[in-house]
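> Chain by chain, the residues run as shown.
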Amino acid sequence: MSDPIDKLTRLGDALEGAPMPLPASEIRARGDRIRRRKHALVAGASAAVVAAVAVPVVALTVGNGSDDPDNLAPQPSITDPVPAAALSVENLITADDAAWNEVGTEFEVSETYPGDGQAPPSPCFQSSFAGLGAETVFQRDFRWKLQTSGTDIGPQLNEIIGEFASPEDALTAYNEIQGWYDDCRPPGAERFEAGEFAPVPIPVDGQGAQMLATYGPVDEELDPFGDEGWFLDTGLVVSGDRVAVVTALSHGQDYNGQPPPAAEMLPAAAERLVRGNGVGDEPAEGDWPTTIPDDFPLDSGFPTDDGSSGFDPADPSEDNEALLPGGDLQECQQIDNPDAVDRLTTRLTTNESYYARELQLFADDEEARSYLDSIQDAYSACEAESPDYEVDFTGDSPDAPSRLDIRWSDGAGRQVIIVSQVGNSVLVAIESDESGSGAAGDIDRMWVGVAEGLATLLDAVTDLQTGAYASPTEGADPNLDEPAGTTTIPDDIPLDVDMADMGSDGEFHTPYRPDATETGLTVDLCGQSVWPVADTVDRLWAWATGPEYGDRRELVTFATVNEAVAAVEAIRVALQDCSSEDSTVWTVTDILTGYDSVTFSRTYTNGLGKDDFQATRVGNAVLLVHRYGEGSISGVEEGAQDRTDVTTAIAPSLCVFTVDGC
Amino acid sequence: MEAHEFDELYAASFRRITSQVYAMIGNLDEATECVQEAFARAWANRRKLDKAEYPEAWIRTTAYRLAVSRWRRVQLGKRPTDRAVGAATNTPAVDESHVALVAALRKLPEAQRQALVLHHIADLPIHQIAAEIGVPEGTIKARLSRGRAALAVLLTDETNGGLAGGMSHV
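Protein chains in written order, with UniProt numbering: chain S, 1 to 662; chain Y, 1 to 170.
So here's chain Y without its partners, still in its complex pose (with noise of 0.2 Å):
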């Protein structure tokens, strides 16, 4: 892959994986910083990326397992280890909606989350998602389900003064 390829890549997909890991785990300026630093990998392993049928899953892929990996590691009460590039960012607030949806789709078993996030806001087909998890198709197909009635219930009890915030007329 060369730089301008690359440049175009990152151009192109950085907001939208950005918001699709930013689903996943809820932290819109981890999630940047984990992108940001997931694209870094994929400069630094573009042979790989090369041979990637999907350079972006690629990317997601590395994103997303880097902000796990975080996570694991703030638990742990360890400082991380994989510095994103440069300072810290202050990413631009997302609409008041957008946050309410973030914060229902937390409550969501991971499993399912990220199979909501893969097929509705990343739109792939269940079948690059099953190849991308590592787990059969019918698995996704359940998780989706299972995802998608959780989801509903959530954002119902958000909108009767829930997450949402809105005053309740109960």
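For reference, chain S alone in the conformation it holds in the complex (with noise of 0.2 Å):
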């Protein structure tokens, strides 16, 4: 027998070599939450949301057209870079905010929606904004008001906006995609010339750079004598964990926004982003919420159903009795009823413990003080009978938010109380059980478990206060794992668009739908086969060779999105662990299609042949191209812009299987 001592060495080594499950940017984002909800709950970071509630903001002058920097300075009383409120479509820039000769007169919404939209906002982004890290990401894109032609539609505005775990994680996505300008090459581009971004003063703390770039052609339909090019006016703003990125682009001879658009908007922007549109006014009488909507998630967190008989909920409802007159709150001195103009109440009950939580809505916010103020008396009363109490009170300021933390712990048990007050509204959660012990650690463990739980309520607390609160199923992403809606190919899309036809010397096959014996692209990198996929719902196939020449073209589409998702990073998956098997090379090429691509090319070391593919996903389809010839691979890149040409004049056809269209 081996030493038992020898095995557990050798155990220390058991998983050396094994993936690791997460990059470490993802374990840092999720402390930078952790930090971020602590931060909020403890030391009262919901100040700004109380005092862009309850306290006068000095207005500010900015956007007015002037390019005096003086109107563009940072206000000196605008201190507090923490955003008002949850990032939402309040903080993207509107029609009035919108530039090109005159401020507010040019643009109209054209669409507003949540994440990263299908096609990119500017053809420089090599990455979507979710792909940047962002958690929550918005889109605007504007609509030019004085379309004249049917065919020019004007200059095109948008701007993307996005939330990121950390400012950290925000000041490297926006210096990232500074850096995507550099060496930028949009589809069909032939030159591509940029500038270096230039500061641009913003009226927040934070940082602002616009920057003009020029390239071309411009397509012959809008530019009929070949002396136009386009125009790329960027500008970008990162405030605290937030970035935005405004693009106006249009094409012309000379270029004739002056000043750039994008550094005429961009302080708008920045003050849109940090305190949204309207919040940070001073609510003005009667302007405090008065109803909670039904679906508030006032359980959220709660112990799920384990299925056990002690699992006993009582739903969020107003029908439910109310803590007070239920005995839920200790009244070693008695405690002011309110008069709460709306309340919901959950309780849940499991074998081992207690949870409750009250949400009230007040006539203002100095009802929903001395609410608060007679639960501090009444506990207070409590501490100075027993010393199982602790009772403390943070925010005691105009500008700060007020709340109440209580705990008690006997030795048999123990209870956590937290009351927070946000603007007219009072948050009570409770949570209690007997768990036989008094150790301190323990009730700090209950406490701190007890203010983690209600971050993310006090978010939609803070929401209904400002009026950015959705409900949970307004707005959602949709869900990606649900049935596609579309999953038939439709007969007219142009898969064999530009494809050569050989004539006798070879072979043309116009779109059809194989039978399932018919073979058609076969993809294995390194071994592992990457196409066909399996599981996909329809197909269509077109192909045509000749002499050294093969241009297949593959269609696919599968269930749900997800699939088609999974399918595509699978390939960018393989190839990632796969640059060269025996005498072929694997080379992937990084360029922009606008839609969800991967290119990459298989040359020889020992002889001459080039295969250049690009994979490109459409909602839930997969449009995989390839081309075949007697090539090397210092013509991948060539290769790589064929067949991008070819994506990019079947793609639109594919806009049938998203949900809201390219």
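What the hints contain is simulated information worked out from the structure, not anything from laboratory work. Beta carbons: idealized from backbone N, C-alpha and C, even for Gly. Hints are supplied without guarantee of correctness; some may be wrong.
As the list claims (entries may be wrong) - From the structure, some residues in chain S lie toward chain Y, with a derived Cβ separation under 8 Å:
id	residue
1	ILE5
2	LEU22
3	ARG28
4	PRO167
5	GLU168
6	LEU171
Reconstruct the complex from the two isolated chains, following the hints.
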């Protein structure tokens, strides 16, 4: 028998070489979220929220069309960069902010949506905002109101905003986006000339920068004489953990946007990014929220039903008995019966624990504060009578949240109550059990658990105060695991666009649905098959061959978008681990198609021959285009451009596979 | 601690700490999730981590406590409230002999198991284990002695048709 200690020692190496389950960046992002929530709860980072609701904020003078730097300088009274509410569409610029020749007159909002769009907001984007690490993203597209030509839609304008896990992550993204413009090559462009991003003063803490780039040629349809260029005007803002990118795209012989619109819009974009539209104004009399939505997630974070007989929930409802008459609040001293304008109460009893929460709205913030004071007085009386109580009040200043922490532990049981006042709302959260332990560490652990569990809920309460609250089902991202709306490939997809016919020297097949036995494209990357993909729903196939020539296009659909995402991702992952095998070399080319694409080529070290591949996902469909020829590794970029031309010619017809179109 | 320093610590010690916590608790997926969560908390408290003499020990202790805390909650029939980072992990299986060893370790009293793991897997000196756990060095020595003896017996039983599942020739 081997020495057990040797075995023990070797166990320490048991996982050496095993893959890391998550990259360090994700771990840090989680850590930043923990820290932010703790800060928000314990140190009162919600101060900005309450300030926004209850305290006058100095009005800003920005975006008035003047390019006088003094007008754009940060106002000294605005020192708090903490956004007033969760990122929402309220943080996007509006048509009133949109500028070309005259602010607020030439654009109207075309579309506003959560998340990254199907197409990137700028031809220089190399990743989605989500891919950069943004946790929340919104985009707004504008339409030029003065369109005079049927074919020319006029200047194009959009803004994308994102909230990242931390200010450090936002700054990293801000810098990375600027880097994209250094080596940008928009689809179809033969030239791209970019300057340096120049600083732009913004009226909030953070950084702003703008840059004008040009590229061409312009499509013949728009520029029949070939003497125009595209003007790509880009403005960036980073403030706290948020980033905004404003993109204005136009074409012409000379640039006539003076000053560049992005620079003009940037101060407004920065202000919106941080403070939202109207957020920050003191609520007028009667502006306090008066109704709690029925679907308000008051019981979020409660334990889920474990099937035990002791699991007894009372779902959030105003019909549930309120906490005070229900005896949930200890009255060492009488607590004034609150005169709330609306109330939602929920409880949960499990085998071991008891949970209760109540959200009440009052006529104004003073009444809300009065209720909190009454609870504080009652428990302070308890604290005076018994050492088992500990009562802490924080945030007793005009611009800080009011919060009461009550902890009780007597060795046989423990209870934590956290009372939070935000504007005219008071949230009471109670958790108790009979753990049989009165150790200080245990009550601290319970307190931290209750506090952390309230973070998301307090965000929702804040949103309710600022009018930014959205129903959990409203505006939610589509469920990409749900069956896709369209899985049957229309017959008119131009799969054979620009496919050469070699006549009698080869074969030429216009698009058709092959039967199951006909093999289409096959791609094996270092022994791993990534094409064909199993479980496709429909398939269209077109191909042509000739001497040293092969051009194949295959389109497949999946039952869900996520299956299509996985198919493309599987190719990317396989390529990461496969740069060469025997005499075969695999090369990945970083080229933009405007869609979710991966482009790669196969060449050989012992002879000529080159296969260029490009896989592109549009909704729940994946298009794989391939070209074979007598090439070498020196021609992969040219091949990638050729396949991109094919993809971009076919892809617009695939928008039928997306929920909202492209 | 800067991000790159944290990333280096994570890359260098994640697998090591996970195998140690795995040996302590006997569940690899659970160990992986708890170590991930411990690293996230370490980053959240990086100032505290900067002051720690042994950051790896801080993370290991946090992960172990998380695991114990989860186990207790499961025993209470409650859903864990400390969410691990991301989706549930799917950690590759470890060598069968390691599974047998961990199964044997799980039969030891918690204190002996912890001492054995920290000394023989984490390679910590006795005085450091004593500091980490908060007990006298003599107690650690006694736990190690009893733990080694018990483990030897358990692994002998295993060879005779026990945990390793080999055919008994008796």
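> Evaluate each hint against the coordinates.
Okay, the hints, checked on the actual structure:
1. ILE5: holds, 6 Å
2. LEU22: holds, 6 Å
3. ARG28: Since the shortest Cβ distance to chain Y is 5 Å, the answer is holds.
4. PRO167: For PRO167 of chain S, the interface hint is violated, since the closest Cβ of chain Y sits about 12 Å away, which is over 8 Å.
5. GLU168: With a minimum Cβ separation of about 7 Å from chain Y (threshold 8 Å), the hint on GLU168 of chain S holds.
6. LEU171: Violated, because the Cβ-Cβ distance from LEU171 of chain S to chain Y comes to roughly 11 Å (cut-off 8 Å).
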